[in-house]
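There are 2 protein chains.
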Amino acid sequence: MQEPLNVGLLGGGTVGNGVAKILLEHPERMILRAGRPIVLQKVVVRDPSKPRSHIPASLIETNPYRVIEDPNIPVIVELVGGTTDAKNYVLAALAAGKHVVTANKALLAEHGVEIFEAARKANRAIGFEASVCGGIPIINLLSQCLSANQITAIQGILNGTCNFILTTMSEEGRPYAEMLARAQELGYAEANPTLDVDGSDAAHKLAVLAQIAFGVSVPFHEIERVGIDTLHPMDLRFAYELGYTIKLLAEGWLDGNEVALHVAPVLLRKTDMLAQVRGVYNAIQVIGDAVGEMMFQGAGAGALPTASAVISDIVDLAVGRAQKTFAVNKFWSATPKKYQLRPSNKVRSRFYLRVLVRDEPGMLADVARTLANDRISIASIIQHEALEEHQGQVVPLVIMTHYAETGQFRHALSKINELPGVVPPGVSYSVDD
Amino acid sequence: MQEPLNVGLLGGGTVGNGVAKILLEHPERMILRAGRPIVLQKVVVRDPSKPRSHIPASLIETNPYRVIEDPNIPVIVELVGGTTDAKNYVLAALAAGKHVVTANKALLAEHGVEIFEAARKANRAIGFEASVCGGIPIINLLSQCLSANQITAIQGILNGTCNFILTTMSEEGRPYAEMLARAQELGYAEANPTLDVDGSDAAHKLAVLAQIAFGVSVPFHEIERVGIDTLHPMDLRFAYELGYTIKLLAEGWLDGNEVALHVAPVLLRKTDMLAQVRGVYNAIQVIGDAVGEMMFQGAGAGALPTASAVISDIVDLAVGRAQKTFAVNKFWSATPKKYQLRPSNKVRSRFYLRVLVRDEPGMLADVARTLANDRISIASIIQHEALEEHQGQVVPLVIMTHYAETGQFRHALSKINELPGVVPPGVSYSVDD
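Here the protein sequences line up with chains A and B, keeping their order.
In terms of the working numbering, the numbers along the first sequence are unbroken and rise by one, the last being 1549.
In terms of the working numbering, the numbers along the second sequence are unbroken and rise by one, the last being 1549.
Read the hints as simulated data drawn from the structure, not as lab findings.
Computed from a predicted structure; not experimentally measured.
Check the hints yourself; a few may be wrong.
Unchecked claim - Pulled a few chain A residues facing chain B out of the computed Cβ check, cut under 8 Å: (1) Q1266; (2) K1440; (3) V1444.
Even glycine gets a Cβ: it sits at the ideal position worked out from N, Cα and C.
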């Protein structure tokens, strides 16, 4: 048997506790999978007085650099989060000749090129399986398991908090604020849920996936994102009537030499595999040019699922395959890109449009004419009786369009919002078929 | 860049054509993923006169040993199928110092120990991603991605032919023979479909998965299997009424120091992830003690999906990580097993029971008493009006039991079959909750 692999952990929070628990409770399993012992040497925490159920006091350390620079620790696991300290620690670890494992999607999405160039310069590897979708091993899947393929499309439910809120809104017909409160009670949403519900979290993950699948380093702020915080139960209901479910999707796909990326609530046919994914689960659908359509579903967050991904990276380093893989995959390299980002206005899609209009003759004709002026044709329409709360005054008019360019559709929508008799703003979502 | 990796293919059938197509059409992709060219040197076929769309005549060879023993070819891909020639070729390739990639589940299920011991002796690696579920990379998932976990359960729809037949039987209410004929017309089922529909194909795959997930080498014939060829549409209908779908599942799970394995039609709740899997897709649900429940879905067969798996193994060899992995994972080793196979009679399950009984008083009481005699308690009952074809004579009596040992249930069923007024045999399936 080879000598043990010593590991230093930066961060003793939820995931750090999970990693410590598995490493300390299952040493024989690690030997079986890694061919050698994996030994947790130190865990760096901010507050050493805080009780931690799975981390013995003897392993606690408060100075990250004492661990990063310890010559007996060849692997540093970064679980501190954020992009400031985390970046400093990772760069310091690489400079000190350490391999790095990180669960930090924001760090990669925002500083991927700098960090990966530093790793290549130091001839050390970076494992980042845990950075996207917790327990779903999507990084290995895309970069190794599907290596025969050009990935042509990725569609993911990458944020469990949003999927929980959407599932309960949809199944119980309750408003967003109420279901957010329930998610918070259940511990599925943080006290400040902004990064989850506004789509930023999913966009960070999409930026990482776009790098692995398409080789594009997209500046994070260039990924257009719409959250679920403005979603009205009425639209979930109309979508359902039309045969669709609304999911917050992170989507990326190739078209010619361009890649389109966005995060938004999207209408999916109820029979679509992703439409079936309920609650806090994450799921990713991938299309490869050889393998066709695949779907992977599992826990996207949580201490042990995320720790499962972190440890798989440590095991890969212990076996020696992570180093071989890292030497070949040129992720976040500064080489010219094969694909350009398609401007969001140029993305073609079908659209769901819901406008509240005064219940009087000619409104449908006006809206339809405005769409036609931008050469957008209508696939189907629902016009319902007046809503209770607006009885006798306004009615929702729901239109599904055929394919159109987003820019044209947005132009038409701005004109519809100006129509007399329309109560702006009209609400719209993409439709996936 | 490293020197090219030369590959010899044994077998120019469907999958061989797919492998050749990808390797020959995408040489630059292979360099990107493998860090070096992957060069198809020879393809061994039985009939060189047969036209093959993706294999140039210059690569065709008829003598397998000329390829196996070619010192310029370090990787042999075995795609001949069967267990006789294939075994000889694989052992010869290992003896000649070649790495082997194989898609042959039957070979591994029946001769895994011998072949893997030969590989370890020769210090060469065996890649077998394509042997189970075509395009779904379940071998890598279980052995690498989920290395932090003890897998505690696997449930899979491992045979696309059966899933297609069951899906159409269930959705259209048509009998087995008719849907098998349709599957044959569509090319989803072979002219002789026995190995698919009697559960043998799924059992071979389960034997391979049991080795990877649980480390058990189960003689293939010891895996109990029931196919779909005796399934009556009436039972799909009753299951549906009770809130269930019937799927042909290959299941394996740990309980204490035993592992239970079987292939059988099983009742799944309609909301279960696997219950949603329609048509020829394969899907595998896995439970890991860290990661929780996961599901992987994709194409389980076909030229390109299976070629995708074969090529991922070749790329892993070209990168050098397959060799590292093989040195650590002791699959099909002769070491003592941690888990024993649980005898099928000892497996606990809920059961669906349907018996045809004469439409006369006391029948339900007799059946219920017979179950009670074996201490099997009843969860729910459906008794319908007489079937049209038996009008006035016999009616189906459907019973869902609570958990019971299979042996006890079978004993009760044999007694029920002997009851006056029962038209034997009663039909039963396991129920997963």
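Structure-based check of each hint:
no., hint, result
1, Q1266, "7 Å, holds"
2, K1440, "5 Å, holds"
3, V1444, "4 Å, holds"
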